[in-house]
Amino acid sequence: MNSASAIDIGRPAIRRDTRWRSWRGELKGSEYTWAVAFIVPYVAVFLVFVAYPVVYGLWMGSAASLYQELFADPIYQSTVVNTALYLALAVNVKMVLALLLSGFFMRPGWWMQALLLIYILPWAVPAQSGFISIHWMLNGEWGFLNNLLYTLFHIEGPSWLNQRWLALGSAITSHIWKQMPFWTIILLAGRMAIPLEIRDTAKVDGATGIRGFVHITLPLIANLYLTCTLLSTIFTLGDFGTVFFITGGGPANLTHVLATLGIRNAFDLAQPPLGVAAVMSALPLMIPLVIILMRRLRTAEVQL
Amino acid sequence: MNVTTLEPTTRVTTADARLTSTQPVRQKHRSVRLRRYLTNAAALLLAAVLVVWTLTPIYHMVMVALEGSGDVFSDHIWPTKPSVESFGAVLTQGHWYLQHFWRQFGNSCYIAAMTMLLTLLIGSLTSFSIGRMRIRHGWLVSNTALLTYVIPASFLAIPYYRIMQHYGMANNPWSVIAAFVMFATPYAIIVFQEYGRSIPLELDESARLDGASSIQLYLRIYLPLMAPALVAIGTYAFLLAWNEYLYQFLLLSSMESMTVPVALAQFLNSDVAPWNYMMATAIIYAVPPVMIYYTFRGRMRAGLTVGGVKG
Chain A
1 MNSASAIDIG RPAIRRDTRW RSWRGELKGS EYTWAVAFIV PYVAVFLVFV
51 AYPVVYGLWM GSAASLYQEL FADPIYQSTV VNTALYLALA VNVKMVLALL
101 LSGFFMRPGW WMQALLLIYI LPWAVPAQSG FISIHWMLNG EWGFLNNLLY
151 TLFHIEGPSW LNQRWLALGS AITSHIWKQM PFWTIILLAG RMAIPLEIRD
201 TAKVDGATGI RGFVHITLPL IANLYLTCTL LSTIFTLGDF GTVFFITGGG
251 PANLTHVLAT LGIRNAFDLA QPPLGVAAVM SALPLMIPLV IILMRRLRTA
301 EVQL
Chain B
1001 MNVTTLEPTT RVTTADARLT STQPVRQKHR SVRLRRYLTN AAALLLAAVL
1051 VVWTLTPIYH MVMVALEGSG DVFSDHIWPT KPSVESFGAV LTQGHWYLQH
1101 FWRQFGNSCY IAAMTMLLTL LIGSLTSFSI GRMRIRHGWL VSNTALLTYV
1151 IPASFLAIPY YRIMQHYGMA NNPWSVIAAF VMFATPYAII VFQEYGRSIP
1201 LELDESARLD GASSIQLYLR IYLPLMAPAL VAIGTYAFLL AWNEYLYQFL
1251 LLSSMESMTV PVALAQFLNS DVAPWNYMMA TAIIYAVPPV MIYYTFRGRM
1301 RAGLTVGGVK G
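Chains as they are written, first to last, in our numbering: chain A, 1 to 304; chain B, 1001 to 1311.
Please keep in mind that the hints were generated in silico from the structure rather than gathered at the bench. A quick note: this is a predicted structure, and the numbers were derived from the prediction, not measured. Don't be surprised by glycine CBs; every beta carbon is placed ideally from N, CA and C. Careful: at least some of the hints might be erroneous.
[To be verified] Chain B is nowhere near these chain A residues, computed Cβ spacing over 12 Å in every case:
hint : residue
1    : 85
2    : 89
3    : 92
4    : 158
5    : 166
6    : 201
[Claimed, not checked] Computed far set for chain B versus chain A, every beta-carbon distance over 10 Å:
hint : residue
7    : 1028
8    : 1029
9    : 1068
10   : 1106
11   : 1123
12   : 1172
13   : 1203
14   : 1214
[Claimed, not checked] Coverage of chain A stretches by chain B, computed from C-beta distances (three or more under 8 Å per stretch; other residues unrestricted):
hint : segment
15   : 33-40
16   : 56-70
17   : 124-134
18   : 227-237
19   : 263-275
Next comes chain B alone, as it looks inside the complex:
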């Protein structure tokens, strides 16, 4: 009640002020309004440029995927006879190039899921030991871990491939999973330690007085309280494994062990490749990470900010 009556009266007073104001003030008002108008127009223009810049490659992806088989070489900038036939062909494996699609999609899911689980397990155990149990010289471990973060993955790929071949792990999804875990864990440890600081240590102490063992502390207190950070890092690890290409390309070579992007890039420079099918595959491959990203975006951003701002 109060609020609704208050608002009109304030408006009236400002209107009064405007009525009684002198000429120069009115002119100033006009120039302020003009300037605001111009900045808004400039902002709209910039927004339009950003949308075109961002969406052109994505529009192109969709356009080629919607093209009928014969029309891929056309010089149109929109699909002439749009059809979703190529998506159907991918989902039913209806082409020689797509005959292992579901197997390869399953491989991608398996590798990403295992990377996620192992990163969460190893990362949380390590940060529990360093941050909560305060093992001596734990900082040494977390600092060394940070060093992994600054070695480019592509620089380690050649010796890593040789070692895996030596172990007989080439063409084995676990060689790829191990590589992704090693790249995701350092970041997990940093974020978990940072986040763990917000959980009071007294909680652990009182639980210990009640007779809880370390493993109970980890399972019953640490993991539940760390849930937001676990979600953020789980998403991060999943996306890392889904988006990395080089290790999958080097280590997985048979059609059955391959993942979707490796199969996709095989025909990158071939003129006989069915491009509409390949673009449809690329879109289907992009759907899970985009959905996961937008679903967990808020929590991801919090996690990334901690890592990004504080290292």
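This is chain A alone, in the form it adopts within the complex:
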């Protein structure tokens, strides 16, 4: 039907239509209308709830004087240090441990499966519930952790949330507690995707244990690992809940990260442009990350 009608109309008509066609693709009349109608809801949601806030945010944080004010703020300066530490430690410790543990969970047996079910629990429990529990656990005077330390080892624990580095360390540890299971599962799936023949051949050739890991597993999942690390860096940069619930930015606003500082400036100080500026100051890090990630996602699609 399609080709016959094209022949009937002849070449000139087709040429007249080409520009229109390049938008319509192969679709005809009512089909094209339907295709557009199906895509319109998402485009509308995207424009109203994503594009508009992004543009509005860029506009809010566009005044140069904001950044002068921001950079002079000692709280902002300590926040930058915290964010760098938070990213470096939380992302890398979490991902390396997840990589190693994903190998551990490859062990056969029903009790490994049972262990995996328990191990996933922090990820399945809502962040709010888990973090509120940890927040109270870390209280210096009557917190569970110090009670435990005293009962088992007769050690007087420190007041975890009243000292800057201990508090930041607690937040990083809590982040790892919550997020590590998710990445372990992803990396475990990546390891499972390695064909059985490769693993068996490697074993026959004597590549077991550490040697097998370095020469077989690592090269094969390096790509996935890097992609996951980049994604996790972006997620961790935007992680608001952990620091908010564990330290609340305290003591004396010394443990903020950019995500919590932005909210604090915008709502506690009632200076929304200053909050946007705090968040926007992460753009020099964000933009290269996103560009590399976009490229990597494409290569990952080809290779895995």
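Following the hints, complete the assembly by docking chain B onto the known chain A.
For chain B alone, kept in the frame of chain A given last:
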């Protein structure tokens, strides 16, 4: 029959081999066995460490919830007089701090359910248009959608809040639902397109020859065949809405429009808060997502793997 007779004979041959083997081989056997023993012991030790690491905060949650009202400040590491009284108090709203509990729980359910439905609807329509109807420049839409995925939600919160206030949508659950839909849909589109590739396009073509319209194709062929992916993404969207805190905290401020976690965190740093009740609330709030997660775990993992491995 065959199998049962076969197994003992093979065992006998290996036993024979062991009997006739020479001394060094026997020693090697022993060292192999020893090494296996040691790796198993190390694995058990690691497993024990993981269990303690994972369960300590969860044990603490349960312990405080089981504590009687007067004993919260105790220095014990187990509940002195365990009782489920605090769970009862939450369920019957038996405390000033809990007086809107069911209303707030309902709000949480409503927001999560609506997020799930809208994400599934918008995501499946978009991926149908791009992947099945092959609308031109559809890749542009799915690539732009991917970009949303890498903008941290907390970074967009301030302009989003201002815009919602401007629209008069502050304190309205739909402002929160819209935010969650916008964060869940890009992922839905990616996974649906990836999954949709396994459904042959010829199916659509032959249905079209039989006179099916686009909407019939979508309803009768696309949606039923996509069911596994729909379940995975539905679970994902529900959990996303249930677990997100910042947007609910910023956009819902009255006691009646609030959700459970917002109400819960109000008393985070207060010394007069009834902690056993709050921990009981936190546990009750954690039950639905944990149950949903473990029920749909197999399908979730498949969905996440597609997204995780292929982006």
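Check on residue 1123 of chain B being off the interface with chain A, judged by Cβ distance over 10 Å = violated, 8 Å
request  = Mind taking a look at whether chain B covers the segment 56-70 of chain A? Criterion is 3 or more residues with CB to CB distance under 8 Å.
outcome  = Satisfied; 3 residues make the cut.
inquiry  = Is the claim that residue 85 of chain A lies outside the interface with chain B correct, judged by CB distances over 12 Å?
reply    = holds, 18 Å
ask   = Non-interface claim for residue 1029 of chain B: all C-beta distances to chain A beyond 10 Å?
value = Holds, because the least Cβ-Cβ distance between residue 1029 of chain B and chain A comes to about 18 Å, which exceeds 10 Å.
task = Say whether it holds or is violated: residue 201 of chain A keeps its Cβ farther than 12 Å from all Cβ of chain B.
result = holds, 21 Å
inquiry  = Using Cβ atoms and 10 Å as the threshold, tell me whether residue 1214 of chain B really stays out of contact range of chain A.
reply    = violated, 4 Å
Coverage criterion applied to the segment 263-275 of chain A (partner chain B; beta-carbon cut 8 Å; 3 residues) = holds (count 5)
query = Is it correct that the beta-carbon of residue 1172 of chain B has no partner in chain A closer than or equal to 10 Å?
reply = holds, 14 Å
key: Given coverage of the segment 227-237 of chain A by chain B, checked by CB-CB distance under 8 Å (3 or more)   = Check passed, 6 qualifying residues.
query = residue 1068 of chain B: least C-beta distance to chain A exceeds 10 Å?
reply = holds, 15 Å
request  = Over 12 Å to the closest beta carbon of chain B is the bar; see if residue 89 of chain A clears it.
outcome  = holds, 17 Å
query = With d taken as the least Cβ-Cβ distance between residue 158 of chain A and chain B, does d exceed 12 Å?
reply = holds, 16 Å
Comparing the model with each numbered hint stated earlier shows that hints 11 and 14 do not hold.
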